[in-house]
Amino acid sequence: MDWLARPRGATLIALRALALGLAAMAGLGAFVLFLQFGEADGLQTLDVVRAVLILISTLWLAWGAVQALIGLTTLPNPPRIDPSKPIEGRTAVLVPVYNEDPISTFSRVAAMDASLDATGDAARVDFAILSDTRNEEIAAREAAVFAHLVEERDAVGRFFYRRRLNNIGKKAGNIEDFMTRSGGAYDYALILDADSLMEGETILTMIRRIEAEPDIGLLQSLPRVIRGRSRFARAMQFSAAFFSPVFARGLAMLQGRTGPFWGHNAIVRTRAFAESCGLPALRGQPPFGGHVMSHDYVEAALLARKGWRVRLDDDLEGSFEEGPENIIDHAKRDRRWCQGNLQHARIIGAPGLCGWSRFVFAQGIMAYIAPLFWLGFIAASVAAPLFVPAPDYFPEPYWPFPYFPPSEASKAIGLAIGIFGLLLVPKLLIAGRAALLGHARNFGGPTMGFASTLAELAFSSLTAPVLLAFATRSVCQVVLGRDGGWPTNNRGDGRLSVNEGFAASWWIVAIGLGGLVLTYIFSPGLLLWLLPVGLPMLAAPWLISWSSQTSRSALMTVPSEVELPPVVALHNRILSRWDNAFPAPDAALSSDSSDSRRSPAHA
Amino acid sequence: MTSTSMLPTVPATADTTRPQRLTPEMLIYGPCALPSAPMAMPAQQIEPDLRLSTRLARLLGRRTFGESS
Numbered sequence: 001m002d003w004l005a006r007p008r009g010a011t012l013i014a015l016r017a018l019a020l021g022l023a024a025m026a027g028l029g030a031f032v033l034f035l036q037f038g039e040a041d042g043l044q045t046l047d048v049v050r051a052v053l054i055l056i057s058t059l060w061l062a063w064g065a066v067q068a069l070i071g072l073t074t075l076p077n078p079p080r081i082d083p084s085k086p087i088e089g090r091t092a093v094l095v096p097v098y099n100e101d102p103i104s105t106f107s108r109v110a111a112m113d114a115s116l117d118a119t120g121d122a123a124r125v126d127f128a129i130l131s132d133t134r135n136e137e138i139a140a141r142e143a144a145v146f147a148h149l150v151e152e153r154d155a156v157g158r159f160f161y162r163r164r165l166n167n168i169g170k171k172a173g174n175i176e177d178f179m180t181r182s183g184g185a186y187d188y189a190l191i192l193d194a195d196s197l198m199e200g201e202t203i204l205t206m207i208r209r210i211e212a213e214p215d216i217g218l219l220q221s222l223p224r225v226i227r228g229r230s231r232f233a234r235a236m237q238f239s240a241a242f243f244s245p246v247f248a249r250g251l252a253m254l255q256g257r258t259g260p261f262w263g264h265n266a267i268v269r270t271r272a273f274a275e276s277c278g279l280p281a282l283r284g285q286p287p288f289g290g291h292v293m294s295h296d297y298v299e300a301a302l303l304a305r306k307g308w309r310v311r312l313d314d315d316l317e318g319s320f321e322e323g324p325e326n327i328i329d330h331a332k333r334d335r336r337w338c339q340g341n342l343q344h345a346r347i348i349g350a351p352g353l354c355g356w357s358r359f360v361f362a363q364g365i366m367a368y369i370a371p372l373f374w375l376g377f378i379a380a381s382v383a384a385p386l387f388v389p390a391p392d393y394f395p396e397p398y399w400p401f402p403y404f405p406p407s408e409a410s411k412a413i414g415l416a417i418g419i420f421g422l423l424l425v426p427k428l429l430i431a432g433r434a435a436l437l438g439h440a441r442n443f444g445g446p447t448m449g450f451a452s453t454l455a456e457l458a459f460s461s462l463t464a465p466v467l468l469a470f471a472t473r474s475v476c477q478v479v480l481g482r483d484g485g486w487p488t489n490n491r492g493d494g495r496l497s498v499n500e501g502f503a504a505s506w507w508i509v510a511i512g513l514g515g516l517v518l519t520y521i522f523s524p525g526l527l528l529w530l531l532p533v534g535l536p537m538l539a540a541p542w543l544i545s546w547s548s549q550t551s552r553s554a555l556m557t558v559p560s561e562v563e564l565p566p567v568v569a570l571h572n573r574i575l576s577r578w579d580n581a582f583p584a585p586d587a588a589l590s591s592d593s594s595d596s597r598r599s600p601a602h603a
Numbered sequence: 001m002t003s004t005s006m007l008p009t010v011p012a013t014a015d016t017t018r019p020q021r022l023t024p025e026m027l028i029y030g031p032c033a034l035p036s037a038p039m040a041m042p043a044q045q046i047e048p049d050l051r052l053s054t055r056l057a058r059l060l061g062r063r064t065f066g067e068s069s
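Sequence lines, in order, name chains Z and S.
Position 470 of the first sequence, counted from 1, bears residue number 470 in the UniProt record's numbering, the numbering being contiguous throughout.
Position 51 of the second sequence, counted from 1, bears residue number 51 in the UniProt record's numbering, the numbering being contiguous throughout.
These are computed hints drawn from the structure, not numbers from a lab.
All residues carry an ideal CB built from backbone N, CA and C; glycine is no exception.
Hints may contain errors.
Stated by the list, open to error - Stretch by stretch, here's where chain Z covers chain S in the computed footprint (C-beta under 8 Å, at least three residues):
1) 27–35
2) 41–51
Said to hold, decoys possible - Between beta-carbon pairs, the in silico distance windows are:
3) Z/14 - S/43: 35 to 41 Å
4) Z/461 - S/56: 50 to 56 Å
5) S/42 - Z/506: 46 to 52 Å
6) Z/433 - S/25: 36 to 42 Å
7) Z/49 - S/56: 38 to 44 Å
8) S/21 - Z/580: 19 to 25 Å
9) S/38 - Z/4: 42 to 48 Å
If we strip away everything but chain Z, and leave its shape as in the complex, we get:
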């Protein structure tokens, strides 16, 4: 099945055509069904507009579902390499930091170094902490903790620290600064995030793979989310562990030579990266001009443009990251990603890019503007009754019996079932396959796997309207020219009160209330249909607070909770030792890293 797991040439083209064809068929089916429904009381212009909106929305949903269905057909397929062959090249593990808590970040470096040590491999792997921290007090703490790290790991000559005087180009500029200053000393660079953790064995496997295939420019691992504590974080963590590998498998089958780069937990060939990925600022001012925000997608496209292979190796285990603990932090991160993805509209037409790279940019843009199509559909549906002519029950003159137009409600119900099916069926199939193949064992068993799937579906249905409201606001802000800046990620405890939830989401409550009232006035028949969207919006402050509280449920158990991965256990031990060795964070840390957690209204 190697030809299907990693398709090439005609097989790849056929697979891509099949995937796009299936998604297009679903979209067109929804379009036709909706037109038939609209014809029942006479086809209006607004009906055609709504049918086009439902076509685009269904096409997008179906594209996601098709990726999962394709991913279900094969299992991850590791490339064949000789694990006993000594590694020749030198590797730098790059850890960019920006106002992060140095205890938390640098202790990860210690854990990964210890994990590498435990493999007994003699490969040369150095660590470079690349600081873009602007706060002087945090920077001073970084220096002190770094000295502790070097002493503890006996790492003079292997660990490096550099702080930039200015942070031009943000994270991409930080990496570029390393490449232009020190890139020549290394064959490969493993790019991490401040919250990344990787097993030593995984790091070595990635080095071996990129060394074995000289045309690979970048190798991306599939990081698993760990340490989720809140209900929201554990739902995201479960989704990333249970569903994402199948979606990623589908993506890996469709990628060809132009795979993804997600900005971290990926290894690059320094020469390929340096010759391909120098990013100039875009013409004009932010949000669409200025420095490239979502640089990773662009770098993947540029590597592919120069002929380098970019590959997602979804079989790699032992690659971890952490996620936001609450909806507000998620929305804050999403605001940055939204601006970055919409900015790609300026890059999508760059000369020489592979067709699939352009398609990936289009997908990224679509991911953020898709809620606008749903919003447009709902608004048009509420307004539609205002434009419908009064029914004529006696169309034939002198005919004594009334004529009742045929009801096409069954078509609307069928359409709704189809759309929900696109959301539910892939996840249920993934749960079914996990039960059959025994993958559910590490998720608490097949029954717990199904129960967790249903819980995740319920949870994501509840939170989706709130998340979509934040995403829609982000798109509007970017389109109106508001730059979101580069806020620090909040990591750690993120519990929120209802008041804090209300401060961040009062406008969602107002829009939800206004929407339901308008629906009741203009289109009362639609009210029941819109309650699944409107009620979560009305309850947004409670949802935000409730989902940020610590979860103690056995539902949504993930493998890293059943058995702690070795590098995570190592990190836990180091972190608790360092927490005792260093005094509590000073005012600078609490003001820079944690204050925004206390000010959700500014998210």
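Use these hints to put chain S onto chain Z, whose structure you have.
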């Protein structure tokens, strides 16, 4: 393609044994400073060039993407 024999020399400071009780500043600006091994990273063209001259050149078969001027 990337043999270690092609690598520039890392400054000697990076290979020295650990000095006793260096202050954080001495470490950061001394043995733990990034090795000096510059590598060119030319800026790439990432926006479509909509100038008439470029369009004409492309029409005549000259590929114009790559490093930006």
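Hints and how they fare:
| no. | hint | in the structure |
| --- | --- | --- |
| 1 | 27–35 | holds (count 7) |
| 2 | 41–51 | holds (count 9) |
| 3 | Z/14 - S/43: 35 to 41 Å | holds (38 Å) |
| 4 | Z/461 - S/56: 50 to 56 Å | holds (54 Å) |
| 5 | S/42 - Z/506: 46 to 52 Å | holds (49 Å) |
| 6 | Z/433 - S/25: 36 to 42 Å | violated (56 Å) |
| 7 | Z/49 - S/56: 38 to 44 Å | holds (40 Å) |
| 8 | S/21 - Z/580: 19 to 25 Å | holds (21 Å) |
| 9 | S/38 - Z/4: 42 to 48 Å | holds (44 Å) |
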